[in-house]
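Trainee: Chains A and B are the protein sequences, given in the same order. Under the working numbering, the first residue of the first sequence is numbered 365, with each subsequent residue one higher. Under the working numbering, the first residue of the second sequence is numbered 1160, with each subsequent residue one higher.
Treat the hints as calculated values from the structure; they're not laboratory data. Don't take each hint at face value.
[As the list claims (entries may be wrong)] Just some of the chain B residues that point at chain A, by a computed CB distance under 10 Å:
hint : residue
1    : Ser-1194
2    : Lys-1207
3    : Gly-1208
4    : Gln-1210
5    : Pro-1213
6    : Asn-1219
7    : Pro-1293
8    : Thr-1310
9    : His-1345
10   : Ala-1371
11   : Glu-1390
[Stated by the list, open to error] The list that follows gives simulated cross-link-like pairs (lysine-lysine, DSBU-like), each with its CA atoms no further than 30 Å apart:
hint : chain 1 : residue 1 : chain 2 : residue 2
12   : A       : Lys-541   : B       : Lys-1161
13   : A       : Lys-541   : B       : Lys-1304
14   : A       : Lys-366   : B       : Lys-1277
15   : A       : Lys-703   : B       : Lys-1258
16   : A       : Lys-515   : B       : Lys-1258
17   : A       : Lys-661   : B       : Lys-1189
18   : B       : Lys-1166  : B       : Lys-1183
19   : A       : Lys-512   : B       : Lys-1354
20   : B       : Lys-1176  : A       : Lys-695
21   : B       : Lys-1189  : A       : Lys-695
22   : A       : Lys-838   : B       : Lys-1354
23   : B       : Lys-1176  : A       : Lys-684
24   : A       : Lys-834   : A       : Lys-942
25   : A       : Lys-541   : B       : Lys-1207
26   : A       : Lys-695   : B       : Lys-1161
27   : A       : Lys-514   : B       : Lys-1271
28   : B       : Lys-1380  : A       : Lys-695
29   : A       : Lys-541   : B       : Lys-1183
30   : A       : Lys-541   : B       : Lys-1258
31   : A       : Lys-703   : A       : Lys-655
32   : B       : Lys-1354  : A       : Lys-695
33   : A       : Lys-514   : B       : Lys-1207
34   : B       : Lys-1304  : A       : Lys-417
35   : A       : Lys-799   : B       : Lys-1189
36   : A       : Lys-796   : B       : Lys-1354
37   : A       : Lys-512   : B       : Lys-1271
38   : A       : Lys-514   : B       : Lys-1354
39   : B       : Lys-1278  : A       : Lys-695
40   : B       : Lys-1207  : A       : Lys-703
Ideal Cβ positions, reconstructed from N, Cα and C, are used throughout, including at glycine.
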Amino acid sequence: MKVVVVGGGLAGLMAVIKLCEHDVDVDLISYVPVKRSHSVCAQGGINGAVNTKGEGDSPWNHFDDTLLGGDYLANQPPVLGMCEAAPGIIYLMDRMGVTFTRTGEGLLDFRRFGGTLVHRTAFCGSTTGQQLLYGLDEQVRRWEVEGKVKKYEEWDFLSAVIDEEGVCRGCVAQDMKTMEIRAFPADAVVMCTGGIGMIYGKSTNSYINTGSPASSIYQQGAYYANPEMIQVHPTCIPSEDKHRLISEGVRGDGGRVWTYKDGKPWYFLEEWYPAYGNLVSRDVASRGIYKVCRDLKLGIDGQDFVYLDVTHLEPEWIEKRQHGVLEIYRKFAGEEPTKVPMKIFPAMHYTMGGLWVDYDQMTNIPGLFAAGECEYQYHGANRLGANSLLSCFYGGIVAGDKVPEYGMKLKKDYRNISSKVFETEVAKQKTKMEKIYRLNGSENPYRLKAELNEYMSNNVTVVRYTEKLKETDKKILELMQRYQKIGVCDAGGWSNRTAIFIRHLWNMFEFSRAIVHGALLRKESRGAHYMPEYPDRDDENWLKTTKAKWTPDEPQFSLEDIDTSLIKPRVRRYDVRKDEVIKEEAEKEKVATLRKEEAVVG
Amino acid sequence: MKEVLLKIKRQDNPQTKPYWEEFKVPLTPKMNVISCLLEIQKNPVNVKGQQTTPIVWDCNCLEEVCGACTMIINGIARQACAALVENLTQPIVLQPLTKFPLVRDLMVDRIKMFENLKKIRAWVPIDGTYYLGPGPKVSQSVQEKVYPISTCMTCGCCMEACPYVNNKSNYMGPTAMAQVYLFNSHPTGAMEKEKRLDAITGDGGIADCGKALNCERVCPKEIPLVSIIGELNRQTTFRSFSRWLFK
Ligand SMILES: Cc1cc2nc3c(=O)[nH]c(=O)nc-3n(C[C@H](O)[C@H](O)[C@H](O)COP(=O)(O)OP(=O)(O)OC[C@H]3O[C@@H](n4cnc5c(N)ncnc54)[C@H](O)[C@@H]3O)c2cc1C
Ligand code: SF4
Ligand code: SF4
Ligand code: FES
């Protein structure tokens, strides 16, 4: 069997290793050399209820926190599978030699993270993603030497090859040096292409995260689920080129958020949410900071930022645990964070939504799978910190195990597919490229992107108003028209990055529309999606996945029920401990049943 | 408005001749070299007022962890994303790395560093990814010692600075040596210690290092390359000696 894996972040590399262990041959296509994938940015850690701190933690407790954090918008069985697999995944990475931070006994150390009350996050200083990615990268290199994997690095994914039966038989990609476009025939394709931060421009994401590959297969008929669920991370350093993240782990290690009120420090998160304090889930923290800066006008010096403070912590200790992050602050903000509190503000960070997949990680197009940040399955309406790396591993593992099962059932081998199927798709992509080369208008593509970024960042992040969303959609349509008048400003036939960018730009427009339309559709507030016009969660009508289907006019949505078979959705509160909420709700239910019984008897 | 002046060495492809082009971009607070290049993309016009092509360069993380954006800035190999304009003298001179094949403008092909990692078997030889329980215990002091080495982002600064990495030599360079040390320090990794030492004995290996010490000075991750190379030198010598003894 032969499989193409697109993307070599954590999800992609994990899938590759599993596939190799199943004796599958893999072509690995990646925009950047896989070792430079965006996963290197992850700082804080990876969750797993290993329970080494005597807190009575368990995978079930992890599962419960994850559902609550996601405001119950995730189908429950796969989330439970992920939480149960988590301790084993951390052990696996430990065996690969990942340099996890240790306790005095030489065991893995764990820190606290948001949306939970226990120490559940394994970490390597503050460069966890980098270390984990390197661990997998090394194993993939080993398989490369064995001849099971062939890497195509600095290739841009263009489209899936779908035959007349609607089955995926490989993909088309472009060599970004020679600009050659060719097909990669295979029995299945696994998309592991990560997030979409460039749609928002100044986000915490890496430069290549345009979402182009996922958008491209969305335009080929794959469903995009919960597009409106965009995470805005509360603590980032605003900057011209990128809003750099200050990890939640800093608060996990004791960092406090505050601003001045009546001339005195006001620890507003601690005051509003006594149980979780600075470690409330991210959507809640971001809304809190927005409230302080925008509604109460209490940002530092009246500006859009508040303090994240570690100056009360022992400098040597915090340096050891957070060196990477503190260095970022020193370098990019130019101040000493152990002496002066850090200035931070929320920024776009993560996409909970993504390609719709079934429990085997397969999209609605047979043979086309997805794993990692580019799919929607594990985080519902808001992701808990340190659960993303975990979902990348787990999704990669599931895909790596399920793709071979799918392959066994295939009637036709990829080598028996008519070459016409591939030629047609290649020709289509070549025509598209030729069209881009011929664009000779006056619009600059990078400026169009900047305009998109501004609208998306202002209108489709923490607070969403119907009017503003409609305005944004209108703006995107305008940009799509102006796109036709782009001047390519580079006609070169060698390593033409501008032409490639122009292709991505269109895909960003298509995706943005799905996000905006999803947000307009969901008339409630849940997790990261907050609409002042509909301030409450509405389980009756909206405990549902929104599934966008691309059409030439606009995205069309269908709704899908959520599988809540394992835990009944509760009210989401971070001001009190969750055991108290559970007790309270049980009491209420008891009273209600008693009343009912009384009514029957009476 | 204050402006930043940049002088950039450009080359359309490996076959054509390089040329210099100058640009002016508006200065913004805490601007780095990448922000300058992004500004040029939005308005690809040089100081002479001529329309030109946007610059081609490599970058991804924009926070000095992916290693992609290495280029020569005012004569020194470093990450463009971490190079703040306010700390640089102008004109800011940008050039591609010289120790790797050029792709276009500031972009080079650093695949040889990844190929070297194959030669030195830079991995822990695990049996498989199925469940086998936790890994070996590691003390805090060992973890603290190896952790910096594992942050090597294959950026190539050390390769650029090392006079012994060049067209005429096969020297794998300091990056690969540090990785040998890293994997030989791990309890499971050490099971293939000899294979790694053999890989750096002979052509392209550790003996090609001329102890010029430049590498450590430029490493953005402050990896103690010189002492690592010293230690490996002792180990390879000892290994050659014992092989000769037990022949
Ligand atoms: C600053 C930051 C800190 C974070 N910290 C944490 C944390 O502490 N804990 C946690 O759990 N999560 C964290 N996250 C989230 C987490 O890092 C990401 O969600 C995760 O790494 C995504 O991994 P991935 O494998 O899905 O994709 P990525 O790592 O983004 O990899 C995508 C791959 O797809 C390839 N690709 C992309 N586009 C194309 C294309 N057009 N053609 C071909 N290939 C393409 C890329 O080359 C790359 O190999 C953080 C995120 C950020 C931004
Ligand atoms: S010590 Fe000198 S010769 Fe040796 S690797 Fe470093 S720079 Fe090169
Ligand atoms: S050793 Fe340092 S300079 Fe060399 S590649 Fe690694 S991080 Fe870069
Ligand atoms: S862009 Fe990653 S190191 Fe500069």
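Trainee: For every hint, state whether the structure bears it out.
Mentor: Evaluation of the provided hints:
1. Ser-1194: holds (4 Å)
2. Lys-1207: violated (16 Å)
3. Gly-1208: violated (15 Å)
4. Gln-1210: holds (7 Å)
5. Pro-1213: Cβ of Pro-1213 of chain B sits 5 Å from chain A, so the hint holds.
6. Asn-1219: holds (5 Å)
7. Pro-1293: Status holds, d = 5 Å.
8. Thr-1310: holds (6 Å)
9. His-1345: holds (4 Å)
10. Ala-1371: Because about 26 Å separates Ala-1371 of chain B from the closest Cβ in chain A, which is outside the 10 Å limit, the hint is violated.
11. Glu-1390: Hint violated; Glu-1390 of chain B Cβ to chain A Cβ min 18 Å, cut 10 Å.
12. A:Lys-541 x B:Lys-1161: Roughly 36 Å between the alpha carbons, so the hint for Lys-541 of chain A and Lys-1161 of chain B is violated.
13. A:Lys-541 x B:Lys-1304: Distance ~39 Å between Lys-541 of chain A and Lys-1304 of chain B Cα, so the pair is violated.
14. A:Lys-366 x B:Lys-1277: Roughly 23 Å between the alpha carbons, so the hint for Lys-366 of chain A and Lys-1277 of chain B holds.
15. A:Lys-703 x B:Lys-1258: violated (41 Å)
16. A:Lys-515 x B:Lys-1258: holds (23 Å)
17. A:Lys-661 x B:Lys-1189: Holds, at about 25 Å.
18. B:Lys-1166 x B:Lys-1183: holds (9 Å)
19. A:Lys-512 x B:Lys-1354: holds (22 Å)
20. B:Lys-1176 x A:Lys-695: violated (36 Å)
21. B:Lys-1189 x A:Lys-695: The hint holds at about 10 Å.
22. A:Lys-838 x B:Lys-1354: violated (63 Å)
23. B:Lys-1176 x A:Lys-684: violated (48 Å)
24. A:Lys-834 x A:Lys-942: With Cα atoms ~38 Å apart, Lys-834 of chain A and Lys-942 of chain A exceed 30 Å; violated.
25. A:Lys-541 x B:Lys-1207: With Cα atoms ~29 Å apart, Lys-541 of chain A and Lys-1207 of chain B stay inside 30 Å; holds.
26. A:Lys-695 x B:Lys-1161: holds (22 Å)
27. A:Lys-514 x B:Lys-1271: holds (16 Å)
28. B:Lys-1380 x A:Lys-695: holds (13 Å)
29. A:Lys-541 x B:Lys-1183: OK: Lys-541 of chain A and Lys-1183 of chain B at ~28 Å, within 30 Å.
30. A:Lys-541 x B:Lys-1258: Holds, at roughly 19 Å.
31. A:Lys-703 x A:Lys-655: Holds, at about 27 Å.
32. B:Lys-1354 x A:Lys-695: violated (40 Å)
33. A:Lys-514 x B:Lys-1207: Violated. Lys-514 of chain A to Lys-1207 of chain B sits at ~46 Å, over the 30 Å cutoff.
34. B:Lys-1304 x A:Lys-417: holds (25 Å)
35. A:Lys-799 x B:Lys-1189: violated (38 Å)
36. A:Lys-796 x B:Lys-1354: Status violated; Cα separation ~50 Å.
37. A:Lys-512 x B:Lys-1271: holds (20 Å)
38. A:Lys-514 x B:Lys-1354: Roughly 24 Å separates the two Cα atoms, so the pair holds.
39. B:Lys-1278 x A:Lys-695: violated (35 Å)
40. B:Lys-1207 x A:Lys-703: It is violated: about 46 Å lies between the C-alpha atoms, which goes past 30 Å.
When each numbered hint is compared with the structure, violations occur for hints 2, 3, 10, 11, 12, 13, 15, 20, 22, 23, 24, 32, 33, 35, 36, 39 and 40.
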